[in-house]
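Novice: What follows is each chain in one-letter form.
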Amino acid sequence: MTTQRFTISVNGKSHTVNADPDMPLLYALRDDLGLNNPHFGCGLAQCGACTVHLDGQPTRSCITAISTVGDAKITTLAALGTPEKPHPLQTAYIEEQVPQCGYCINGWLMTAAAFLRDKKKPTEAEIKDALSGLKCRCGTHISIVKAVKRAAEMMG
Amino acid sequence: MTKFEQTSAFTRRSVLLGGGALVVSVGSAVSLDTLLSIQAAFAQGAKPALTPDQLSSYIAVNADGTVSAFFGKMDMGHGLHVAIGQIVAEELDVPFKSVKVYMGDTANSVNQGGASGSTGIQMGGKQMRMAAAEARRVLIEMAASQLSAPPDKLVVTDGVVSASDDKSKRISYAQMIGGKYFNVQLDWNKQYGNTLYAPGKAQPKKPSEHKIVGQPIKREDVAPKVFAQENFVTDIKVPGMVHGRMIRPSVAGTVPVKVDESSIKDIPGAKVVWDKGFLGVVADKEWGAIQAAQKLKVDWSSAEAPFPEQAALYDHIRKADVRKRNVEKENGNVDDAFKTAAKVIEAEYEWPFQSHASMGPACALVEIKDGQLTCWSGTQKSHFVQEGLALTLDLPLNKVHVIHVTSPGSYGRNDADDCAMDAAVLAKAVGKPVRLQYMREQGTGWDPKGPASIHKARAAIDAQGKVVGYEFTSKGFSRVDVNTNGGKPHDTLAGQTLGVALKSGDGFGVPAESYAFDNKRLAWETIPPLLDRSSPLRSAHLRDPVGPQIHFASESFIDEVAAAVNADPIEFRLRHIREPRDVAVIKAAADAAKWETRTSPRRDQSGNKVSGRGIAYSQRNGTRVAIVAEVDIDRSTGKIFARKFTVAHDCGQIINPDGLVKCIEGNIVQGVSRTLWEEVTFDRKTVTSVDWLTYPILDITETPAEVNVVLINHPELPPTGAGEPSIRPVAAAIANAIFDATGVRIRRVPFSPDRVKSALS
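Here the protein sequences come in this chain order: L and P. Going by my numbering, 1 is the number at position 1 of the first sequence; the sequence numbering is gapless. Going by my numbering, 323 is the number at position 323 of the second sequence; the sequence numbering is gapless.
Extracted from the complex, chain L is given alone in its bound form:
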């Protein structure tokens, strides 16, 4: 296996990783950089548990080869907000007590964050369409919709 050197920007910091060019970004984030988010769910871009933002766009890091990341700024859930300065979605998630096991959370929050940034005052149907395809096995969908609506209201 031949490796190459890649420099990636994650949550505002630059990191260098030696990796197989075909290695998905997910493993650079988790294994090389030791970040505990995103999660491995399927490795097939079918569930969303691995979602990060690449230049603000929700991206499934489990199928994104590290060689294709280039200069894109990577943002993970850990940098979406902090307890001191939470993203409205994080506030809403806590208020609505959304997660059960919480393993799927990266997909919903990172996808919804990009959606609410680009779409003000969405309808419930628009929210559901935007989040379609993401998986939650615990069945917290009802609370997810409530929380995204609440965050949308907070964001005006």
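Bear in mind the hints are in silico, worked out from the structure with no lab data behind them. Keep in mind that the hints are not guaranteed to be accurate.
[What the hints assert, rightly or not] 27 Å max Cα-Cα, derived DSS-like pairs, lysine-lysine:
#	chain 1	residue 1	chain 2	residue 2
1	P	97	L	85
2	P	218	L	85
3	P	295	P	609
4	L	121	P	644
5	L	128	P	757
6	L	128	L	146
7	L	149	L	120
8	P	456	P	324
9	P	265	P	428
10	L	128	L	149
11	L	146	P	685
12	P	295	L	128
[To be verified] With the Cβ distance kept under 7 Å, some of the chain L side facing chain P (calculated, not the full set):
#	residue
13	14
14	33
15	36
16	42
17	44
18	77
19	88
20	90
21	100
22	104
23	105
24	115
25	128
26	132
27	137
28	141
Where is the CB? At the ideal position from N, CA and C, for every residue including glycine.
Given the structure of chain L, go ahead and fit chain P onto it with the hints provided.
Specialist: Positioned in the frame of chain L, the structure of chain P alone reads:
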């Protein structure tokens, strides 16, 4: 010097002598015997043995006055720890926030059965309530001695005991025992697991005294999850750790006969672990292990493809030899009732294999160091995994430590226990800590499956339309082909692939309802597994084990009988149900849903878009649930939208109403998913539903628009379970609503659009 101060003197001495923690013994009074026992305990210089008959195995008061509760069960996503914390805080009279609940760690908790059968509060909480009550009782007695006041004149506020007639007389729990251990014997019933019960002498509080129990306290673990600060089992790392991956055969039941390790030699740290049917790889990096598992050249034994064609599954079940038949309930003379009936109604229902399909494939980390094995696992049952690891690796039990870590939701016996065993075998073989995570196709393809089954029901009706005979028989694969935990090597893939002889158990179930028919028989029959070793279709517990399938059939059939005798489905049920709490949930659901009394099906609709309503009800270990489903059906596509659910739920005393509502919502959504979409597919060789495309679950665009939960609280009754009961009637409620809308009865799950469309055409 008071007696209490003497115990403190021992504490200081123990510290001076380096003896570690002191054990504080408290009996009916702080007597000479107590002091002697303190000395004896002091001589031990340590915590009492971690046994179920010791109060210290459940409760400790820390030096800062906070309370640790050690719980031999664990939360799998419903916030169980909040409810347990409420119960402990309530009985101890300490603030809720001062209680921390430690779950599923074999080093500090006893085997209370793990997450199992919705018993977290029902059984586990019962024990924690008794332990906390006993802790309060002995603390009061200690305070009585210290404050020279009779125990019945003492009150406790936020962990501080004071005399009710002289508030200057006060002493805190922390001052009395903080940082030391209780050494109080409990009256243990000598059972482990869910039924473990070890009360002390104390009586718990009366429900009317409860201030914390019953409150809608929020989960403190939501924030760490949304800020990505919480470690899941997948995030645990130890120095020197390598990554593992398992390799499963493409034809179930075959074993490797030739493995070419040179095929992965260019992957750093890549190594093969091969023993009989067990085949895995490790590598330095996770991506390396994945690559190694994909690239490894393996020749497999040839074997006849073990499975029937999927289309023949239900015929297979019908024709299969019955391995065990069990009549669980029988009254009257059923056979005679059918002989003399004016009319007999019969129907048969079918339910497929279903997968746990957890959000993350199972992960475990195993480190073996100086003969001591530590396993971080997402298991539901740490103490059983401890036993399984000890047996699989031939280690003494006390050399195995299992730590439950927050994990992808399991919903029963998913792939977590298999993963822990596989990781341990890898770790032992390579002499390094191994973190193993399965791949998606293994998580969905190779988890133990909820069993497929058929259900035959028949009812004898007399000339007046009365049900005079009723018989319900389920026939299917066992719910315990592999057991509900990984405690024995024959129940895990590691054990099975390493050649341990199998012991497939027999278990199914019967409808849990209270229909009072004069002649009634409820029975089940199990059939042998399709493959007698390491099968991707081995069956085990999946959320509410066999409950959804049995009650899909039984509650659909009750509806069929109601329709046959021209009765409203609720009115018909209430004719036959005497049990007051069952009647109450059904009426509560009907009232909240504004149920209109009439027969099904509706006859006032035309066109492709039709709607209907359906009721189903069931019990589960003391809990009762009634559900009214309102569904929309597009006849042209067969697509069903399960639009609204009204759920009446009675689980006795409610500990935390908000947590309970969330728990019920999740049950309903997962129940809709299993009813409309979920079916394990397979060909003659193996399981072919291996990801989210081939094993689809409910999408958010299909999620019910409304789940209206009506909680019926019975503070005077012991709490029963809520983790599973409300998934039980979901399928039947939907099926009955489809019948109401269309007049068509669908008797096979899932109700996928193509199946519904063909049924309607």
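Novice: Does each hint hold? Answer for all of them.
Specialist: Taking the hints in turn, this is what the structure says about them:
1. P:97 x L:85: Judged against 27 Å, a Cα distance of about 24 Å means the pair holds.
2. P:218 x L:85: Given pair residue 218 of chain P, residue 85 of chain L holds - Cα atoms ~20 Å apart, limit 27 Å.
3. P:295 x P:609: 52 Å, violated
4. L:121 x P:644: 25 Å, holds
5. L:128 x P:757: Distance of about 25 Å is within 27 Å: holds.
6. L:128 x L:146: 11 Å, holds
7. L:149 x L:120: Answer holds: residue 149 of chain L to residue 120 of chain L is near 11 Å, not above 27 Å.
8. P:456 x P:324: The given pair, whose Cα atoms are some 16 Å apart, holds under the 27 Å limit.
9. P:265 x P:428: Measuring from Cα to Cα gives roughly 21 Å; hence the hint holds.
10. L:128 x L:149: 10 Å, holds
11. L:146 x P:685: Status violated; Cα separation ~44 Å.
12. P:295 x L:128: 40 Å, violated
13. 14: Since chain P brings no Cβ nearer than about 20 Å to residue 14 of chain L, farther than 7 Å, the hint is violated.
14. 33: 12 Å, violated
15. 36: 4 Å, holds
16. 42: Cβ of residue 42 of chain L sits 4 Å from chain P, so the hint holds.
17. 44: 6 Å, holds
18. 77: Check passed: Cβ of residue 77 of chain L comes within 4 Å of chain P, closer than 7 Å.
19. 88: Constraint on residue 88 of chain L not satisfied, violated at 11 Å.
20. 90: With a minimum Cβ separation of about 5 Å from chain P (threshold 7 Å), the hint on residue 90 of chain L holds.
21. 100: 3 Å, holds
22. 104: Hint holds; residue 104 of chain L Cβ to chain P Cβ min 5 Å, cut 7 Å.
23. 105: Holds: closest Cβ of chain P sits about 6 Å from residue 105 of chain L, inside 7 Å.
24. 115: 12 Å, violated
25. 128: Interface hint status for residue 128 of chain L: holds (5 Å vs cutoff 7 Å).
26. 132: 5 Å, holds
27. 137: It holds, given that the least Cβ distance between residue 137 of chain L and chain P is near 5 Å, below 7 Å.
28. 141: Hint on residue 141 of chain L: holds, closest Cβ of chain P at ~4 Å, below 7 Å.
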